[in-house]
Amino acid sequence: MTADPAAAIPDALHGAMLLLTAAAVVAPLIAVAVLKLGGFPTSPRTPAAAALLISCLAASGIVLLWNSGNGESFSSGERLGGGSLIQIDGITAVLMPTVAVIELAILLVAPKRFLDVPATARILCAASATFAAFATSHPLVLVAIWVVTALPTWISIRGTPGSRPAARVFATAMLVSLGCLTSGTVMMLVDPPWERHAGIVGNAGGWLVALAVLVRKGIFPFHSWYPALFSGAPMSTALAATMPQIAAYTAVRLLIGHADHGDGVALELVTLSQLALVTAVYGGALALVQRDLRGLIGTLAMSQSAMVLAGLAGKVPMELNGAFCVWISSGLALTGIGLVAWAIESRAGPLSLATPQGRFRDAPELAAFFLLFGLAAIGLPGTLSFVADDLIVSGSLDDQLHAGLMTIASTVLCAIAVLRGWFMVFGGPTAIDGPKHLILRRERVAMTGLLVPLFVLGLYPAPLVRSLERAAGQLLGVPVEESGNPPPSLQESSSGS
Amino acid sequence: MIPLICSVNQTRGLPAGLTQDLVLMLVVAQLLAPAATLAAVGLPALFGFPLGERRTTWCVGAGFATGFAAGLATLVVLWFRNFVPEVVHLGTWFAVGHHAATIELVADGLSVPYVCFSSGLCAVVNAFAGKYLHREPGFTRFFVLLAVFGTGMNLMVLAGSIDVLFAGWEFLGISSALLIGFFHERQNAVKAALRAFTTYRICDVGLLAAGVIVHQAVGSGDFERLFSGTWPHAQCLVPPTTATLVSLLLVFAAMGKSGQVPFSGWLPRAMEGPTPSSAIFYGALSIHAGAYVLLRCEPLLDAAPLARLLLVMIGVGTAIHAVLVGSVQSDLKAMLAYASMTQAGLIFAEIGLGLRTLALIHIVSHAILRSLQILRSPSALHDRHELEAALGGHPGSGGWSFKDMLPEKFQRLLYRVALERGFEEMAVMRGVVDPVWRGLERLDAAERSWVEWLGKSWSWRHRRGGP
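So the protein sequences, as listed, match chains B and E. Each residue of the first sequence is one higher than the one before, counting from 1 in my numbering. Each residue of the second sequence is one higher than the one before, counting from 1 in my numbering.
Hints listed in this document are in silico derivations from the structure and should not be mistaken for laboratory results. Careful: at least some of the hints might be erroneous.
With a straight-line Cα cutoff of 30 Å, these simulated DSSO-like cross-link-like pairs (lysine-lysine) come out [as the list claims (entries may be wrong)]:
| hint | chain 1 | residue 1 | chain 2 | residue 2 |
| --- | --- | --- | --- | --- |
| 1 | E | 191 | B | 436 |
| 2 | E | 403 | E | 456 |
| 3 | B | 36 | B | 112 |
| 4 | B | 36 | B | 436 |
| 5 | E | 131 | B | 436 |
Far from chain E, some chain B residues (derived; all Cβ distances over 12 Å) [claimed, not checked]:
| hint | residue |
| --- | --- |
| 6 | 42 |
| 7 | 74 |
| 8 | 390 |
Remember, predicted model here, so these are calculated numbers, not experimental data. Where is the CB? At the ideal position from N, CA and C, for every residue including glycine.
Isolated chain E (complex conformation) (with noise of 0.2 Å):
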């Protein structure tokens, strides 16, 4: 595999050359920091050997900060070229006839930043952790599936083709769901970890369709043949109809791991998950993974106004729906898993306006304070004391809310419909789930029988009616 760059010659004073050598050096470093702590420390632990809580965090916490180091050197390396994209082929993973499998990633000014924000997090929520889960049976596996997350997570940010944008998605999910269902003796984690990766691989359908389609329509998966430019001025190179179903494939995509309705089910329930990969998961990164999909691929949307306006229509009615359902939650996470939906809704609505630089400060801004909340979420009470004593009394109500403009009445009836969670869940689940999983287990039960029935004796006796 020979590694080659893109040459590009706008640079301010430092050679081409050295910058493409740099580019490359570092993307390839925010790549495998992560990915080589989940070998150090998951190889170990499945020969039975695991690594102590100090050498875990450690371990875990230097790929991450290795890959922060590296995606800031890279901000300063395109810095100096303009921000001119560098499309970095690491080679061809495998080739059969015209089918090339190539590994490919981009650093612009969309993807190294949101590498550095990415890695930051990680680096501030492992150190978290590491005093936050210590003697907690499976210390080990959630660092495990933290450095899985975090090597998902540089993978698709970074990712320059379609091909390696799908195997960071499909790390991000697996993750979250093994990190819902971490505490696995209580059955609610389980089910809320099952429910969470049916949303995901449901809708991962249209990631995949996208993919399938993309290669028909150019050839390749590369993003280099869908659009081309600096971001979030790129043009786009196919069709408008291929544009539009295209289009339409990533938003059901994004719509599953943002957790934006009719698939936001599994988004309060995530929250039984441990507390730090509730904050990184839910209040920071997988939460907008959908939305960076969005703006990576921002000129396919450019060229399908059909799809951007489903984006509004649903950001808009997700965040109507979480601030409604939000507001009667009693349980603290709850209420702030129902915040990250309201605020990935409206980057949604953002990203459909083409407002995409608003998209991108909103994402990172949302996710350093929902991230802070969640940590802070375990010791609310007593930060509330805390407030109290220093105050000397209760700190009074929040004063003048929207809702009191609102027909008593009429409040009630929202407070209904809020508390039923604004009938979504039962609608999916009584419209399509157990339908299907009704048939299906109609369907297991006639082939039981049937099998039943062909392994029956069939010797004179039997045919008789004997015992």
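Looking at chain B on its own, in the form it has when it is part of the complex (with noise of 0.2 Å):
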């Protein structure tokens, strides 16, 4: 038998992913057993960051990758439902390396006293496990996954002073969102949705994974555990726990695609995206009149990550992509504002929004991150926000025009908290003796990593919107279009003319 060369150059490239695929979910298990075994005599830091940025590399070499190779999409392993174990496509090429980064980013901003062993240890299995997710369409894994992800995320909110009643709410988050999943998936296995004519159990578990998703995403009116784990948890473990979205990546590997659905959106997913919308102006409108710091970022996540879901129901591409690019933008940036917080915290302790706290001249350049990531984050021009949103509402306007405006409002109001938010920290008297609160290296250097791809994509978005453009074709099913051709009835209106 002659080997094909033309076969073989996609064999090497698929191979080749699914090595830097294991590498950036292995790097980071690899780190917590040296951490373990106490094989590092140094900070945890240096051992977390090196694996981490392991990962961040391996998830640029799939990006690569993915773009070489045409954008076709990869998958290996058992298959089930309408998934497998493996699966490699445009969503995970773009989605990882996001995630990497703001892993990354975490870890590097991490305060010292709070970053021993057990909680590097944390970080780093439920970033591994975050990588996982992003490479699988597997729903059995899938349940699993989310198991893996929230247990962490208990543990630590649990083990903070004062934290019992915010590790509560988000136990029964949890258990709820992971019952609902469990059985919804379980439903679907045995009367796949995926195919023609699925029966009532089919559709029923569709609704419970739909509920499932629901309540994970901290979508209204299963919202309120998104604030208290902001309000309670470490930073560290609340931006881990929303920022990569593990439940709307969920929602795309098992509702989108429905064969019962001509247009390739099932019911679930129309649902979902309206109670996200509502979501997205009522968290903008919390977030208004927050007194903390913590309460904003926890409204503003709540609200941002709406958006993703919001755009996700959309039956052409451009919605899709539209929220893609919020996934993105919103994680980058709110994870910024989230560690500029932080840092500050650390320092001068719990900062309330009740009275300007003055923040400024002990701190300019916090200020200026917070205030540049405040910006990427509620679509100023130049930055990838208001690429994600112009997308939105554009791809909006042919069938729900509705949703259009309320992602103008719900940018809006998100605006609005956010400068408030900007002016009451850092806005105010100040003692002109008080102590100066220098930003570290590591703190810069994970700031600006954070900050370059807000600003560069925001600037240059094409290659990503293209790419994008092609994971949500593939999603939907549907062949990508030229781009930038105009409308079919305008195409119509001006041949007639």
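Put the two chains together into one complex; each comes in its own frame, and the hints tell you how they fit.
This is the structure:
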């Protein structure tokens, strides 16, 4: 048998992608083993950062390989339901580097006194599980990953003094969502809605999965645990639990592409997206009246993460594309805001928004980073969030104009809330002889690492948008249009004239 | 990205290709010059190595001067082309399916003179601020924000599509709010900045919604698809209903940025910022940004009599309100803010009446006079003393005033109304802001109670009411 050279190239490509995925997932686990064995005499930050840097590089390698392979998806391993044990496609390629950068930034900014070996191990385990999630579409593996990612978060909150109530709220939400996800997934496997003429069991399973996503993503009316988590948990835990948006990923894998729906979007997802729009506006409105910085970040995170789900129900790749852009931009920007807040809190204690705190003189560079992350979160032109909002609003013009208007309302409310937060934290009278809180080098590296993609991709978004368009087209099962062409209606009218 | 220019053949002896290339380069220079200074001054400051005062002033000033020179050169080239508009396509920013965000600029008889005017004014204020803010702790921050403003202003003025216009508009808003809160250690400055930004964002909804409607109506945000022809005689290309809706939304957006009633409360408070920024923002450029947008979209207004009527009513109402309230102000900068508001109101009325060229002349002359007045305001007492010394005594009162014709009782009533700022702010605060804010606070309190209840320990001992 002679080997086909044309087929050999994709095989080599797929092999390399598999290797890089394994490296991204395993590197943090090796670092955990090293830390547990006590084989590293210095701070646990060093081996952990090295491991996450490897994951970052591996994830970047996946992007390059995916793009060089013309954006074809690659799956391997056992297949169950609609998914495979290993699935690497546009979503993996685009989202895994984002998550890797977020995890690395969290580790770099974490205050020294917080970062003992157990805390570092928890961060690394959660990171490894998150990377694994973005490389699979297997329903049962996703259920397992939900458990694995929720557990370190709960342990971390429970171990924080005074945070037992927050741990209970989190545990309640997670138990409900896990119960729904497990039962829903089993029902969907028994009566798969991926195939035509699915029965009542399969459809009920789909709705249970949607309910699980609703709870895990903090969508109205199950949103209350989101701000509670930010108020009670260490910032690293709250950010690591919410920013990768495993629930949105699950919704993408399990609810998009059902055969019973002609346009490829399940009714469950459409319902979720409408509730998500309400959450986006409601979260923005609540963010306006928060009295402490953590509450502000929690409600902003609630609003922004809802925007992701709001775009996922789009029937055209443009909305889905916008949702992915929000996923990346809100993840990076809110992580940045959270980390700046954490850096200031670790120096000066909790920050109230009831009166101006006057932190500008103490920490001018942190103030600048907070402002830039804030502007990058609220759709300032030249940042990725502007592109994301533009895509969601433009995508919604054809069939759901209200989605565009609610997106605008949410952006306006979040913008006012962010600037209020900035002025309340950094404005106000200060003691001239007070201590200076200079930014540390590792903090500056982490924050710059988060900031650069937000502005670079905002100023030059074309490659990202093209990649996401391919990913969205694959998910919806629609051919990707030639970008920049006018819509068919306009083409007809112009040819007619 | 391949730059491309609409070909136009009417030129006064210059080859068409040459003028096209020239305009492209000059327009890009007008935009990039302030943006480059923003990067040159802002990035070193962000990474802990701010430039010195002299270098900062020089760098930002050079950017504005380059923009001014490029604007003048464009004006000359346009003169050779009989002021026929040049639409400069800088390429596609990003495209998905049938949606393409294009970077489209326009060089015509409105945009290019306005860029010259705004860049020149920015350069003058930059030179003034270099001395005025000497050794001020936020020196670099001021100039970074001034560069953001200059970039945004040029982007807005040269915009050839509603998307690009919105981008510039946003930069204006954010730099304005941050400069009002420049003296962040003062609580009043922080409050004033938040008030201004909130008003801006609420009114920005108008521009965003207008953009959405324009995209839905013509499939793109390009002005070429909305109107055609040479300013100020362009023709509207969309149906009157669309034109009316878009015009009304643009008027709403312009009201916020130009401090028109009932969104005027932020303007006198905006004088909390440093004097140079007050001069350039609220005496000259930012206050007229709304008027500029209306002038740019004037063919839509032509097709929307309802919007024009509204514009006249708002403008005249604001002018009367500002004259009345401004006349009882005891603070010079607040008085100047109300004077700016009066003129902005009159400019709105002129645009509503269709007097576009007069409105443009009014904008330019008012901006120059008012910015000079605001820049001189810190030295007002000194100037007064010099004047008195030169005259050998007090210069005397102003003579006859309109208010002298009114009955004394009515004068007292007006005085009371003016002291209360026409009850405008009270009505907005009590009628809208306070109820909304209280409602949101109640919702937040309910959320907290619910979370507290969820987080309670549900052990047997707790249920029995034990400790």
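### Query
Is the Cβ of residue 74 of chain B farther than 12 Å from every Cβ of chain E?
24 Å, holds
### Query
Taking 30 Å as the top limit, are the C-alpha atoms of residue 36 of chain B and residue 436 of chain B close enough?
36 Å, violated
### Task
Quickly compare the C-alpha distance for residue 36 of chain B and residue 112 of chain B to 30 Å and report which way the hint goes.
Distance ~18 Å between residue 36 of chain B and residue 112 of chain B Cα, so the pair holds.
### Query
Given the hint that residue 191 of chain E pairs with residue 436 of chain B, does the C-alpha gap stay at or below 30 Å?
25 Å, holds
#### Entry: Pairwise hint evaluation, residue 436 of chain B against residue 131 of chain E, where the allowed Cα distance is 30 Å at most
Cα-Cα ~28 Å, so holds.
#### Entry: Straight-line alpha-carbon gap residue 403 of chain E to residue 456 of chain E, limit 30 Å
Violated. Residue 403 of chain E to residue 456 of chain E sits at ~67 Å, over the 30 Å cutoff.
### Query
Was residue 390 of chain B rightly flagged as not at the interface, with every chain E Cβ beyond 12 Å?
6 Å, violated
#### Entry: Consistency of the no-contact label for residue 42 of chain B, given chain E and a CB cut of 12 Å
It holds; residue 42 of chain B is separated from chain E by about 26 Å at its closest Cβ, greater than 12 Å.
Going down the numbered hints, you'll see the structure goes against 2, 4, 8, while the others check out.
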